[in-house]
Amino acid sequence: MSNTLVFGASGQLGQCLAHVAKQRNIPGLHFLPEDQANILNPAGLAALFAQHRPAYVINCAAYTAVDKAEDEVEIARKVNRDGVENLARLCSEYGTILIQISTDFVFAGTGNEPLTETDEAAPISVYGLTKLEGEQVIPPLTARYFTLRTSWLYSEFAGNFVKTMLKLGRERDELRIIWDQVGTPTYAIDLAGVILHLIETESQAFGLYHYSNEGVTSWYDFATAIFELSNTSVRTTPIRTAEYPTKATRPAFSVMDKTKAKTRLGVAIPHWRTSLQACLHRLADME
1 MSNTLVFGAS GQLGQCLAHV AKQRNIPGLH FLPEDQANIL NPAGLAALFA QHRPAYVINC
61 AAYTAVDKAE DEVEIARKVN RDGVENLARL CSEYGTILIQ ISTDFVFAGT GNEPLTETDE
121 AAPISVYGLT KLEGEQVIPP LTARYFTLRT SWLYSEFAGN FVKTMLKLGR ERDELRIIWD
181 QVGTPTYAID LAGVILHLIE TESQAFGLYH YSNEGVTSWY DFATAIFELS NTSVRTTPIR
241 TAEYPTKATR PAFSVMDKTK AKTRLGVAIP HWRTSLQACL HRLADME
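According to full-length UniProt numbering, the residues represented by the sequence shown are 1 to 287, in order.
Read the hints as simulated data drawn from the structure, not as lab findings.
Check before you lean on any hint, since a few could be wrong.
[To be verified] Derived EDC-like pairs (lysine to aspartate or glutamate); straight-line CA-CA distance at most 20 Å: (1) Lys247 <-> Glu74; (2) Lys260 <-> Glu74; (3) Lys260 <-> Glu243; (4) Lys262 <-> Glu113.
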């Protein structure tokens, strides 16, 4: 297995990558603690590249506080754009393949057809804008990259919508959940498997890809499925986005077309309910 550096290792996807790599007995991945692997420190990054001479870099590091980013534009841009640029420059210098994680928030979400990689990106939040800027700094520096846009990540690790709903479902009698934002949940374990598949197969099909689980749902229906599959009894009430105002605007429709990933990368993608059930079983086993 090729030498691989994982940045943002303590986050949800980083933990999922470590879990899947251990499960599948995949060697050669270095999960770097943030204090030793700051993507905003070019000198520190240069030392890491010189030490490890990685064949792959997986960048899970990101500023993901969507609402907070509206007030912290500079730091969001530093992490989501400048940090990616620092990695891409070194990847170019060392011939390293960069695997960058991006988001459905690069889209405005005003349509109703599944979004392809060639559809116009028009972010409506600072988070979405800075993640798009991070995508855009890579191609001028290196052609050896995979950018994977994903959506609605959850898993048994870190904080996420599924774990929050399970907690609130036990604590409250009723929950009000948005029903007019539509997309696709993504089990981060599945995404981690795809990332490791790229490395294991030594894929050269570089470029931009969409990856989420299959299917379409709203946040309300996603929550309802969480409660149904976990046998959690709580009343749920669907509400409009306007009834739950947030600092940042979210895409109303961000379902992504995964045809390119399935055909060019050769990955099979499970339906979101299938993956949700797997996650809930693992969470139950951990209790």
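Each hint, compared with the structure:
For a cut-off of 20 Å, the pair hint linking lysine 247 to glutamate 74 stands: about 17 Å separates their Cα positions. For a cut-off of 20 Å, the pair hint linking lysine 260 to glutamate 74 is broken: about 33 Å separates their Cα positions. Taking the CA atoms of lysine 260 and glutamate 243, the gap is near 36 Å; set against the 20 Å cutoff, the hint is violated. With a C-alpha separation of about 18 Å, the suggested pair lysine 262 and glutamate 113 falls inside the 20 Å cut-off, and the hint holds.
Hint compliance for this structure: hints 2 and 3 are broken, all remaining hints hold.
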